[in-house]
Structure formats: C-alpha cells, structure tokens
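Protein chains in written order, with the numbering used here: chain Z, 105 to 350; chain G, 105 to 350; chain W, 105 to 350.
Treat each hint with caution, since some may be false.
[Unchecked claim] Short, incomplete list of chain G residues facing chain Z, as computed with Cβ under 8 Å:
id	residue
1	SER233
2	LYS247
3	ALA298
4	MET332
Read the hints as simulated data drawn from the structure, not as lab findings.
All figures in this text were calculated on a predicted structure; none of them were measured in a lab.
Positions of the beta carbon are idealized from the N, C-alpha and C atoms, including for glycine.
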Amino acid sequence: MMIDKMAMVDTNCIGENTLIKSFAVINKEVIIGSNVIIHPHVTIEAGVVIGNNVEIFPGAYIGKPPKGAGAVARKIEYEQKVKIGDNCVIGPNAIIYSDVIIGCNTLIGDNASIREQVIIGDFCIVSRSVTINYNTSIGNRTKIMDMTHITGNCQIGDDVFISVLVATTNDRAIGQSGYAEEKVIGPNIGNGVAIGASANILPGVSIGEGSVVAASAVVSKDVLPRKMVAGNPARVIKSLDGGGEI
Amino acid sequence: MMIDKMAMVDTNCIGENTLIKSFAVINKEVIIGSNVIIHPHVTIEAGVVIGNNVEIFPGAYIGKPPKGAGAVARKIEYEQKVKIGDNCVIGPNAIIYSDVIIGCNTLIGDNASIREQVIIGDFCIVSRSVTINYNTSIGNRTKIMDMTHITGNCQIGDDVFISVLVATTNDRAIGQSGYAEEKVIGPNIGNGVAIGASANILPGVSIGEGSVVAASAVVSKDVLPRKMVAGNPARVIKSLDGGGEI
Amino acid sequence: MMIDKMAMVDTNCIGENTLIKSFAVINKEVIIGSNVIIHPHVTIEAGVVIGNNVEIFPGAYIGKPPKGAGAVARKIEYEQKVKIGDNCVIGPNAIIYSDVIIGCNTLIGDNASIREQVIIGDFCIVSRSVTINYNTSIGNRTKIMDMTHITGNCQIGDDVFISVLVATTNDRAIGQSGYAEEKVIGPNIGNGVAIGASANILPGVSIGEGSVVAASAVVSKDVLPRKMVAGNPARVIKSLDGGGEI
C-alpha cells in the first residue's frame with residue numbers, strides 16, 4: 105500500500121499493493137481492494153466498495169449523492185452504496201452516483217455519468233460521455249458506445265451492442281405532463297440486440313432478442329425477435345432467422 | 105464557515121455555514137453566500153458571485169475566460185463576471201465560462217459546458233454533457249436534456265422542454281463562408297415548446313409558442329404556434345389548439 | 105517560471121515564464137515550453153512534450169495510457185509520447201491519450217477525449233465533448249463541432265467542417281462479428297468537405313473533395329467530389345462545380 109502524502113485518505117480498509125496518488129480524496133467508510141490504482145484528483149464518497157485490480161483514472165467521482173435543484177420533478181430515492189467489481193477500469197472524469205452496482209471486468213469510459221439505482225453486469229463497456237439515467241439495468245458483455253444516452257426505467261439485456269449517439273427516452277408526452285412514474289417507461293432491449301449509430305428508440309418500445317436496428321432508424325413500436333428494422337418510422341426490412349419472411 | 109486546510113482560498117467574502125473542501129481553488133474577488141458546499145477539486149476564477157445554499161460538485165470550473173487558439177474565427181468579447189443564484193446545483197466537472205448569469209433553483213448537470221454571454225433563468229435544468237454556446241438566453245423553468253447542443257445567438261423561452269441529443273445550429277453555410285455575425289442566427293424557440301429526442305433545429309428557425317417537434321424531426325422552416333411537426337423535413341401533422349386544421 | 109507550492113512537479117524541463125498552478129501533477133520525463141500556463145488539477149503523464157505559449161485549463165489529463173478492461177476486443181498498441189504544438193489551447197477536463205500528435209494553434213475543447221495513434225494538424229478546432237477514436241488522422245484548419253464522434257481508422261482532410269452531433273462509425277456488422285482490423289474501416293473525408301449537424305457517415309464511405317453533406321443526412325455510399333447530398337439514404341441533390349448536372 106502506498107498513499108501519496110498529498111492524498112486525503114479517511115479510510116483504513118485498503119488492500120495490499122494499492123496505490124493512491126496525490127490530491128485524491130477518499131472519504132471514510134470506503135473499502136478498497138488489493139492492487140488498485142487511484143490516480144490524482146479522484147474523489148470517492150462514503151459507502152463505496154472497490155474490488156481488486158481496479159484502476160480509477162484522474163478526476164473520476166464515485167458515490168455522488170443524487171441532488172436536484174428546485175427544477176427536478178421526480179422524487180429521488182437511493183441507498184448510499186456503490187459496488188465496483190474486480191478488474192474494472194473507471195475512466196478519467198467519469199461520474200458514478202450512489203446506489204450503483206458494477207460487475208467485474210467492466211470499463212466505464214472517460215466523462216461517462218451513471219445515475220442512481222443502476223446495475224451494470226460483467227465485461228461491459230460504457231464508453232466515453234455516455235449518460236445512464238436512474239433505475240436501469242444492463243446485462244453482461246453489453247457495449248454502449250460514445251455519447252449514447254440510456255434513459256431511466258430501462259432494461260438492456262446481455263450481449264447487446266449500442267453504437268454511438270443513440271437516443272433512448274421514456275416519456276411519450278415529451279415532458280408536458282409532469283412526472284408520473286407509471287407513465288415513464290424506457291425501452292426494453294433484448295439479449296443480443298445490435299443498434300446502429302444515431303438510432304432513436306422511443307419510450308416503452310421492446311426490441312426482441314437478436315434483432316438489429318439500422319443506423320439512424322427511429323423505432324416507434326415493438327420489434328419482434330430476429331428482425332432487422334430501418335427507416336423513420338422503422339419498419340422490418342429483413343428476417344434474421346433464415347425464414348426469409350419479414 | 106469551514107475551509108479545509110488543503111483548500112486554496114484567496115477571498116474573504118464567504119457567508120455563514122459555508123463549507124469548502126480539500127483541493128478546491130477559490131481565487132480573489134470571489135463572493136460566496138451562506139450554506140454553500142464547495143466540493144474537492146473545484147476551481148473558481150475571479151469575478152464569480154455565488155448565492156446562498158448552492159452546492160458545487162467536484163471538478164467543476166466556474167469563470168473560465170473564453171480563449172480561442174489560432175483557429176477561432178469569431179472575435180470574443182466578455183465581461184469577467186459570473187452570477188449563480190440561490191439554491192442552484194452545479195454538477196461535477198461542469199464548466200461555466202465568464203459572463204454567465206444563472207437564476208435561482210437551477211441545476212447545471214455533470215460535464216455540461218456553458219459559454220460566455222449566456223443568461224439562464226430560474227428553476228431550469230441544463231442536464232449532463234449539454235453544451236451551450238455564446239450569446240444565448242434561456243427562460244425560466246426550461247429543461248434541456250443530456251447531450252443536447254444549444255447554438256450561439258439563440259433564444260429559448262420559458263417552460264420549454266428539449267429532449268436528449270437535439271442539435272441546434274446557427275450557420276446555413278455550414279462553416280463555408282467564414283464568420284459573419286449578421287448571418288449567424290440560432291433558432292428562436294417560443295414559450296412552452298417541446299422538442300423530441302434527436303431532433304435537429306436548423307439555423308434561424310422560429311418555433312411558435314406551445315408547438316411540439318416530434319422525435320428525430322428536422323425543422324428547416326418556421327413553425328406556427330400550437331402545431332405538431334414531424335419528419336425530415338418537418339411538416340405539420342396536427343394542430344394543438346383544438347381547431348383540427350393543420 | 106513560477107510553480108505553485110501545492111503543485112507536484114517531477115520534471116526540470118520547463119521553459120521561461122511558464123506558470124504551474126496549485127494541485128497540478130506533472131510527472132517525470134515531461135518537457136514544457138516557455139510562456140505556458142498550466143491550471144489547477146491538470147495531470148500530465150511521462151512522455152508528454154508541450155510547446156510554447158500553450159494554455160491547459162483545469163482538470164485536463166494528458167498522456168493517458170490506453171487501458172481496456174476485460175471487455176475490450178481490440179489489441180491496444182501505442183507509444184508513450186504526446187506532442188502538443190505551440191499556441192495550442194487544451195480545454196478544461198479534456199483528455200488526451202498517449203501516442204497523440206497535435207499541431208500548432210489548435211484548440212481542444214472542454215471535455216473532449218482523443219485516443220491513441222491520432223494525429224491532428226495546425227489551426228484545428230476539436231470542440232466540446234468531441235470524442236476521437238484510435239488510429240485517425242485529421243488535417244490542417246479542420247473544425248469538428250460539439251458532441252461529434254470521430255471513429256477509429258478514419259482519415260479527415262484539410263479545411264473540413266463537421267457540425268455538431270455527427271456520427272461516424274467503422275463497422276458495418278455493428279459489433280456482431282468481433283474485432284477484425286481489416287473489416288473495421290472508418291470514413292475517408294476529403295479536403296474542404298462540410299458536414300451538417302446530426303449527419304451520419306457510415307463505415308468505409310469516402311466523401312470527395314469539396315462536397316457538402318446536408319444536416320441529418322445518412323451517407324451510406326461514396327460521394328463524388330463537389331456534390332451536395334441529403335436525405336436517408338443520402339442522394340446527390342446538387343452539383344457544386346457549376347456543371348448543373350448531379
């Protein structure tokens with residue numbers, strides 16, 4: 105264990121061979137595993153548990169309490185805990201709120217931001233500047249590319265690939281009806297789905313297992329499994345299970 | 105007032121019960137209200153005035169002087185001042201340039217960046233990774249969601265909702281004619297307008313009060329009040345004032 | 105030369121009149137020119153060379169070693185060096201990986217992130233929250249606006265203008281075929297090309313010199329020089345060389 109003399113460390117729960125660099129701020133009630141590297145200017149709040157062999161790059165902020173100003177409609181509930189599994193990498197300036205669980209071997213990219221009540225599986229990539237909203241779950245081996253937004257109340261399966269600049273939303277009323285939890289429903293994206301760049305997945309849409317959404321498609325209604333859809337609004341252009349029919 | 109011994113604070117104008125944490129940098133000529141929390145690694149430049157009950161999360165940078173390198177065409181003018189109203193929240197790693205005024209109870213999200221000569225009203229949300237360009241005004245109770253870009257020379261009214269990944273621009277020549285202030289005109293978005301995810305609002309377009317722009321619409325000409333528009337190019341698909349005609 | 109007493113500086117190769125502010129971290133084997141300003145909370149890794157008259161704003165991180173977690177398919181190769189030319193400006197919280205060369209008079213915007221094996225020319229703008237992937241080259245006087253993503257294995261010429269929220273990608277299989285270097289080909293964008301907001305340039309597409317891509321166009325096949333294309337899929341709507349034919 106090597107803590108730079110200019111780091112502010114308020115916990116004793118730090119594993120072997122862990123390195124904490126200058127100007128990092130580690131609050132009390134933080135647990136850090138072995139062989140972890142924490143770079144300069146990282147801030148970690150109380151309640152965060154970090155596994156072994158994790159690397160956290162400069163400026164990352166982990167355990168942010170959700171806090172709205174007067175303008176936030178939704179009531180915020182959360183537990184003060186974060187769990188980051190073994191072998192994860194947290195990119196520079198990434199922000200992880202409180203009440204987030206991240207599996208093992210997952211990469212959170214530079215400037216990404218993940219809100220409360222989110223679960224992310226193993227071997228995932230959440231790439232640069234991706235934002236993930238509250239109360240969303242993401243399976244294992246799923247990759248979400250740069251600048252894509254994952255909405256609140258959304259479910260994403262295993263082995264999903266979502267390309268860059270993809271929009272997902274959860275409110276058909278486009279913010280015109282206030283916040284009613286039961287009407288705010290994000291997409292449900294099945295296992296093995298692939299979504300092309302700049303696609304737009306509208307609120308409440310289900311995309312069935314193994315389907316492919318073409319680049320720039322606007323998906324306004326449910327997609328059955330193993331179909332390829334394209335266009336605005338998206339229509340089935342191909343079946344992917346060999347049957348030939350669409 | 106509690107200033108961590110590892111903070112660098114060059115001002116005496118700090119209100120009661122304000123907390124400044126480790127490795128924050130507060131320059132001279134900064135005025136900070138009461139009950140403010142300034143987290144680690146925040147930097148605040150001279151000329152910034154912060155109201156009461158404001159919370160500024162780690163890594164935020166307030167009062168950035170605008171500075172182009174050799175490649176910037178537009179002449180930059182600004183005053184060295186920022187005003188942040190009572191009860192605002194400034195997210196982690198957010199960047200606010202000099203010459204910005206923000207009302208009360210407004211939330212500036214994680215990684216957002218707001219350039220000079222911008223005015224934002226009360227009870228607004230400027231969400232995560234939103235960028236706002238120079239010389240733009242935003243009314244009260246307006247919400248701008250993640251990764252949306254608000255262009256320069258743009259006016260946005262009260263009670264507007266702009267969803268995620270929306271583009272606005274101000275130059276019909278797409279950068280091919282150099283910078284001529286009189287030809288660079290952003291959209292004018294009326295009170296109560298709602299704009300869906302991934303929409304694209306072209307330069308100089310006016311969108312009338314209460315109108316709705318569907319997700320992924322490309323708005324290339326003016327929209328009258330209380331119309332719903334959709335498609336590329338966007339056309340009126342519904343009147344919203346009960347008249348039935350479009 | 106003025107180094108704040110709270111900065112951590114491990115190099116002696118610093119030019120005249122250079123200013124390094126509080127809580128900056130400069131590692132060994134860093135070379136810094138004259139008249140440079142390094143703001144608080146900047147981190148610079150070994151192997152970085154910074155020219156004269158450069159300004160680096162708070163929270164920037166230069167020389168990041170590329171590091172994937174278990175989920176990254178592509179083998180990462182890089183050299184531990186960065187070169188930033190004279191008169192550049194590096195925005196707050198910008199991230200520049202190792203093995204990047206940036207010319208003179210270039211602006212890297214707030215929260216931008218530039219990966220390894222990238223070369224950027226002189227007098228360029230890489231604006232706010234732009235992400236650039238590995239093994240990509242960008243010419244001189246080229247401007248890439250906010251939130252645009254430049255993919256890996258991509259070539260961009262001189263005097264190019266790419267507007268906001270533009271997607272580029274390099275994998276027609278949308279991540280479904282694993283990573284095969286020879287099948288992963290980004291666009292080739294010629295000199296003087298202009299690309300409108302929210303356009304989507306599909307993998308491997310070439311856009312000829314002087315062509316214009318309209319806002320929200322989806323470019324799925326090659327564009328000849330001096331054509332204007334629009335729509336999804338993009339079609340030629342105008343010739344720009346006076347011939348009148350399309």
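Hint check:
| no. | hint | in the structure |
| --- | --- | --- |
| 1 | SER233 | holds (6 Å) |
| 2 | LYS247 | holds (6 Å) |
| 3 | ALA298 | holds (4 Å) |
| 4 | MET332 | violated (10 Å) |
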